[in-house]
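Trainee: In order, the protein sequences belong to chains A and B. Following my numbering, the numbering of the first sequence begins with 1 at its first residue and continues without gaps. Following my numbering, the numbering of the second sequence begins with 1 at its first residue and continues without gaps.
No lab work stands behind these hints, which were simulated from the structure alone. All residues carry an ideal CB built from backbone N, CA and C; glycine is no exception. Incorrect hints may have been included.
[To be verified] What follows is a list of derived Cβ distance ranges for each label pair:
| # | chain 1 | residue 1 | chain 2 | residue 2 | range |
| --- | --- | --- | --- | --- | --- |
| 1 | A | K15 | B | M53 | 28 to 38 Å |
| 2 | B | L8 | A | S53 | 21 to 31 Å |
| 3 | A | G59 | B | M53 | 35 to 45 Å |
| 4 | B | F9 | A | S9 | 41 to 51 Å |
| 5 | A | R110 | B | D58 | 27 to 37 Å |
| 6 | A | E102 | B | N52 | 25 to 35 Å |
| 7 | B | H71 | A | E85 | 15 to 25 Å |
[To be verified] Covered stretches of chain A (chain B as the covering partner; in silico rule of three or more C-beta atoms under 8 Å from a C-beta of chain B):
| # | stretch |
| --- | --- |
| 8 | 43 to 53 |
| 9 | 102 to 109 |
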Amino acid sequence: GAGVSQSPSNKVTEKGKDVELRCDPISGHTALYWYRQSLGQGLEFLIYFQGNSAPDKSGLPSDRFSAERTGGSVSTLTIQRTQQEDSAVYLCASSLVPGFNEQYFGPGTRLTVT
Amino acid sequence: GEDVEQSLFLSVREGDSSVINCTYTDSSSTYLYWYKQEPGAGLQLLTYIFSNMDMKQDQRLTVLLNKKDKHLSLRIADTQTGDSAIYFCAERRGGGSQGNLIFGKGTKLSVKP
């Protein structure tokens, strides 16, 4: 595809369940970023991948959050034992190389924890 | 402070100029960005400015950077109803090459016909 895609676009889950959010970056982009957009909180950096490795996990809010990237392409963000405060839009972005000027954002996954 | 700050709302009339202001935090930030988010859509990069520049113009958009005050502004000339969106200021902080961005909370621009 031409852009970054994310799935699902919407996810409603019960508190305590695990969820997986998927990101397909633009083909050939080596850097991949996850951000979270909460109501009234702006965008918050979560984690960054260079290839398949994550040099910076400092933004992950708790150990319930993890992410992986395989084949230098698809990334999955997993939230275990979801809490209501996890409700947000999770955005993925990719760039050609780390630090490249333009990060291309996907449309996001809206997660609602009931 | 540690946050990128911008006012939350701006309302203008169609045809007027809009000015969205932002203060950032790290004087060593190398690039500063403006992103646009329309309802239900992802973030779209509008423009960016390198920290050694004072001004950048791109069609109806003018970015002004005051490094001394760590102040960034985005001016939209001849604002149209299609410009209604949330505008995010972001900085790429110095040190390291990973390039993650620090965003403000966004300014919601409403354009009245």
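Trainee: Now tell me if each hint is right for this structure.
Mentor: We went through each hint and held it up to the structure:
1. K15(A) / M53(B): 28 to 38 Å: Once the Cβ atoms are compared, 48 Å apart, the range 28 to 38 Å for M53(B) and K15(A) is violated.
2. L8(B) / S53(A): 21 to 31 Å: violated (37 Å)
3. G59(A) / M53(B): 35 to 45 Å: For G59(A) and M53(B) the Cβ distance comes to about 29 Å; the hint is violated.
4. F9(B) / S9(A): 41 to 51 Å: violated (27 Å)
5. R110(A) / D58(B): 27 to 37 Å: holds (31 Å)
6. E102(A) / N52(B): 25 to 35 Å: Cβ of E102(A) to Cβ of N52(B): about 19 Å, so the range 25 to 35 Å is violated.
7. H71(B) / E85(A): 15 to 25 Å: The hint (15 to 25 Å, Cβ to Cβ) is violated, given that H71(B) and E85(A) are roughly 33 Å apart.
8. 43 to 53: holds (count 5)
9. 102 to 109: holds (count 7)
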